[in-house]
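Read off the chains here:
Protein chains: 2
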Amino acid sequence: MNSLTGAKIAVVGAGAVGAYYGGMLAHAGYEVTLLLRSDFDAVRARGLIIHSRGQTLQFPVKTAATPCEIGPVDLVLIGIKATANQALEQLLPPLIGQHTVLLTLQNGLGNDDFLAERWGAERIMGALCFVCLNRIGPGEIRHLDHGSITVGEFLKSDCPRTLAVVDAFVAAGIAASGVENLQAERWRKLVWNVPFNGLSIAAGGVTVADILNDPLLQSEARALMYEVTQAADSMGYFIEPDYVTYQINRSWSMGPYRPSSLIDWQLGFPVEVEAIWGEPLKRAAAVGVNTPRLQLLYSLLSRLTSVRQC
Amino acid sequence: MNSLTGAKIAVVGAGAVGAYYGGMLAHAGYEVTLLLRSDFDAVRARGLIIHSRGQTLQFPVKTAATPCEIGPVDLVLIGIKATANQALEQLLPPLIGQHTVLLTLQNGLGNDDFLAERWGAERIMGALCFVCLNRIGPGEIRHLDHGSITVGEFLKSDCPRTLAVVDAFVAAGIAASGVENLQAERWRKLVWNVPFNGLSIAAGGVTVADILNDPLLQSEARALMYEVTQAADSMGYFIEPDYVTYQINRSWSMGPYRPSSLIDWQLGFPVEVEAIWGEPLKRAAAVGVNTPRLQLLYSLLSRLTSVRQC
Numbered sequence: 003m004n005s006l007t008g009a010k011i012a013v014v015g016a017g018a019v020g021a022y023y024g025g026m027l028a029h030a031g032y033e034v035t036l037l038l039r040s041d042f043d044a045v046r047a048r049g050l051i052i053h054s055r056g057q058t059l060q061f062p063v064k065t066a067a068t069p070c071e072i073g074p075v076d077l078v079l080i081g082i083k084a085t086a087n088q089a090l091e092q093l094l095p096p097l098i099g100q101h102t103v104l105l106t107l108q109n110g111l112g113n114d115d116f117l118a119e120r121w122g123a124e125r126i127m128g129a130l131c132f133v134c135l136n137r138i139g140p141g142e143i144r145h146l147d148h149g150s151i152t153v154g155e156f157l158k159s160d161c162p163r164t165l166a167v168v169d170a171f172v173a174a175g176i177a178a179s180g181v182e183n184l185q186a187e188r189w190r191k192l193v194w195n196v197p198f199n200g201l202s203i204a205a206g207g208v209t210v211a212d213i214l215n216d217p218l219l220q221s222e223a224r225a226l227m228y229e230v231t232q233a234a235d236s237m238g239y240f241i242e243p244d245y246v247t248y249q250i251n252r253s254w255s256m257g258p259y260r261p262s263s264l265i266d267w268q269l270g271f272p273v274e275v276e277a278i279w280g281e282p283l284k285r286a287a288a289v290g291v292n293t294p295r296l297q298l299l300y301s302l303l304s305r306l307t308s309v310r311q312c
Numbered sequence: 003m004n005s006l007t008g009a010k011i012a013v014v015g016a017g018a019v020g021a022y023y024g025g026m027l028a029h030a031g032y033e034v035t036l037l038l039r040s041d042f043d044a045v046r047a048r049g050l051i052i053h054s055r056g057q058t059l060q061f062p063v064k065t066a067a068t069p070c071e072i073g074p075v076d077l078v079l080i081g082i083k084a085t086a087n088q089a090l091e092q093l094l095p096p097l098i099g100q101h102t103v104l105l106t107l108q109n110g111l112g113n114d115d116f117l118a119e120r121w122g123a124e125r126i127m128g129a130l131c132f133v134c135l136n137r138i139g140p141g142e143i144r145h146l147d148h149g150s151i152t153v154g155e156f157l158k159s160d161c162p163r164t165l166a167v168v169d170a171f172v173a174a175g176i177a178a179s180g181v182e183n184l185q186a187e188r189w190r191k192l193v194w195n196v197p198f199n200g201l202s203i204a205a206g207g208v209t210v211a212d213i214l215n216d217p218l219l220q221s222e223a224r225a226l227m228y229e230v231t232q233a234a235d236s237m238g239y240f241i242e243p244d245y246v247t248y249q250i251n252r253s254w255s256m257g258p259y260r261p262s263s264l265i266d267w268q269l270g271f272p273v274e275v276e277a278i279w280g281e282p283l284k285r286a287a288a289v290g291v292n293t294p295r296l297q298l299l300y301s302l303l304s305r306l307t308s309v310r311q312c
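Going line by line, the protein sequences match chains A and B.
The working numbering runs 2 ahead of the 1-based position in the first sequence.
The working numbering runs 2 ahead of the 1-based position in the second sequence.
There's no promise every hint is true.
Because identical chains share one entry, a pair is satisfied inside a single copy or across any pair of copies.
[To be verified] Derived SDA-like pairs (lysine to any residue); straight-line CA-CA distance at most 25 Å:
| no. | residue 1 | residue 2 |
| --- | --- | --- |
| 1 | Lys-284 | Tyr-228 |
| 2 | Lys-284 | Ser-221 |
| 3 | Lys-284 | Pro-294 |
| 4 | Lys-191 | Leu-93 |
The set of hints was computed from the structure by calculation and includes no laboratory data.
Based on the sequences and whatever the hints tell you, model everything.
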């Protein structure tokens, strides 16, 4: 796969992230089909709607209600929640041909491994989406801030396909870049997700701005960030010391943004507790790094998210 | 003060704890006056009601609506919430004569110091109440479990008055004992209060049994207990290593008990966050002991309790 031009692309799990990145590729002319359930009728009737930076894009996208209708494709974008990964065992096989590439847009750790174990490590790519998105209705996405995507390979080899995917996103108007070490990038992203997604729930439903403006919570966010960087460093994923301050500083522009996990929790949807907190905790423990705050946060979140919110 | 026989006793803050211990002294014939506000009419009309161990005690108790009606007494039992300590600056002076003893039944750290700074260290005593009580209505207390009281002096001198207070509680049917080092006992009590009161709120409103039955939460309770014992040890308040396991084991008998802080939080009342978590955290930091879980828990509780529950 040297270019996505003419390639068939399917999106599985077209929530905010899947619909945004898949939709932007479709808008740029790539051949994208969204696999949809609840949003199927709305998108078929009036296309996808993306509100972004003061303008609204509304455009038709190919849709399918089952993966068999789509058949084998060149690339699958996976935007499903990690908590629903088991569903992929039914959804992916019809889409997978000999050379199909699976690109997971999912947060946290363990999703690449899940895919690799079942469909082969060779075909697995991962992306990290640095973006503030909310799904505000069926097939209707609000893009609030940021938007870049970082793409890498599960196996650390250099690949022309990485560049092909990056090129396609860039052509779709998205700041995209390739990365040599995907797992290292995943740990870098956790530096933000662990504290902000976690504290936003554990502190009772607070926004990014709330955390930054509360001296105790901001201090805990920093402390959690240091635990994550220490764990990453011990695994050989070096994170520069001023990265924590960089992440705190860049978060101010998000304002009263509700991290995706908080929104899921408040809506009573499953929260990706294992991918974002449980798996990093396990991997930190496996290399002997003590992460007491992460452990307490994980334990609280496991409990808090096991009870349905009203 | 060599005996409480014939001594005048006032109770300030006759919530569950103040009403129970003061009420039991009154029931045993000691001259106790409860300073009451919202419960005044009910207690004046039909006395105090204590449901305990399958039986109900209902008996008249002297009541007053203002401290001036009571005047100087020999002993004040202080059961007010630590968050309302400022109110003591108005409530206590009319009760204090030259030899008046102030016995705080309050939880956590800092309350003895608050009293000592204002009314002199000599007159301050403290008690730790190991008891499960709920106030179920005006002047009506349910005694669920345990019930012992440990009494000590703010200044570490041996005092005949310690024995006098202990004797009175014993005469009232309460398992009471004197303790040489009050601050050491306070730290021993925090070993339980820090995790159970704290996690019960932070995990979204869970009982003692919920915490014990959830492997992650029980593990965090133990880890918090170790942080508290390490801090105590560093201050010279030695706590034996198996005390954590002892505390976990004894908690099973409490069943689905809601710690007092959880009840306060759920009812929208102030929670003693500084006394139970903030002050211990400060004192641990002052002796250079790192207590990351306590810090995270304190920060979460500060936020969670600053927002009124519905």
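Structure-based check of each hint:
| no. | hint | in the structure |
| --- | --- | --- |
| 1 | Lys-284 - Tyr-228 | both (17 Å within a copy, 21 Å between copies) |
| 2 | Lys-284 - Ser-221 | both (24 Å within a copy, 15 Å between copies) |
| 3 | Lys-284 - Pro-294 | both (12 Å within a copy, 19 Å between copies) |
| 4 | Lys-191 - Leu-93 | neither (27 Å within a copy, 54 Å between copies) |
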